[in-house]
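Student: Numbering of the sequence shown is given in my numbering, commencing with residue 4 and proceeding in unit increments.
Derived by calculation from the structure, the hints in this document are not laboratory data. The beta-carbon is built from N, C-alpha and C at its ideal position, and this holds for glycine as well. Don't take each hint at face value.
Said to hold, decoys possible - Here are the computed distance ranges between Cβ atoms for each label pair:
(1) Phe152 with Val94: 50 to 60 Å
(2) Ala53 with Val94: 11 to 21 Å
(3) Ala177 with Ile70: 29 to 39 Å
(4) Gly213 with Leu184: 36 to 46 Å
(5) Glu209 with Leu76: 13 to 23 Å
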Amino acid sequence: MNLAFLAGMVSLPVQDNPLQVNSLKQILQLGPVSLVVLAVLFLFSVGTWAIIYQKWRLYRHLRKSSIEISTYLCEDGDLDSLSSRCSQFPVSPEAQMIRALSTGIQQEASFRRLEHLLFKTVSLEVRKLEGYLGFLATAGSTTPFIGLFGTVWGIMNAFNGISMRGSASLATVAPGIAEALIATAAGLAAAIPAVMAYNFFSRWIETVEGELRDLAAELLMEYGPQPVGSPVEAPVDKTTYWPPGNGRRRRRADREDAGDPEWKHPSPPSKPERRMEW
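Using the sequences and the accompanying hints, generate a full structural model.
Tutor: Below, the structure is given as structure tokens:
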């Protein structure tokens, strides 16, 4: 009996969803202004999802390459071998910085020049990562207002139908209200993914920029030349330099301990004599 029931269910014809059919009919029956609004929102939505897909692939690739490059940096080796190993990551910002540093050292650039080169590379790589974020920001801030325009237009059509037919029946008001709600839903559907993606990728790019600046400082300290005037090249003379505060007292003690013949303890100031006047 159960098998016969299942066979009967399978043999039933598949019916279309009435809600889906009605929605498609309503969209096809929209006016030209509402169709233009939906077309613009559709283009914004397609562009938003294309950028989200491209950015997500880049995000996953850069996370993987960053982990591997961090492993290479932890290993002992010279800069040339590190640069050759990072050549398999042509898009990675870390690899670009290592190659820029290797090129600058081969050209015997100064410390200031290498520092400028690395931080300029950081700025260029961050600018590349920020590509198309402006479109996401524009889509997230503009599409709700475009949908609102379609909403207002649909409500205007509903009131026009009431004024033309002289009655506020459901058949008169429903087309305009449906037109307004479709525009509202389309605007929200285009805006919400754009705003969420913009916030996520903006936060990620800020984190990457901070990590790249830290990496630039580490690379300069590890592989860069010693800057001119650093404490290693020009050590501080501790016999003539004292930290601020109590410097005069410490210099006196130093001269006294050294047995300076010209050193004399300063005599305390004499008190003025008091004279009694009669």
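Student: Please go over all the hints and tell whether each is borne out by the structure.
Tutor: To see whether the hints hold, each was checked on the structure:
no. : hint                           : verdict
1   : Phe152 with Val94: 50 to 60 Å  : violated (40 Å)
2   : Ala53 with Val94: 11 to 21 Å   : holds (18 Å)
3   : Ala177 with Ile70: 29 to 39 Å  : violated (57 Å)
4   : Gly213 with Leu184: 36 to 46 Å : holds (44 Å)
5   : Glu209 with Leu76: 13 to 23 Å  : holds (22 Å)
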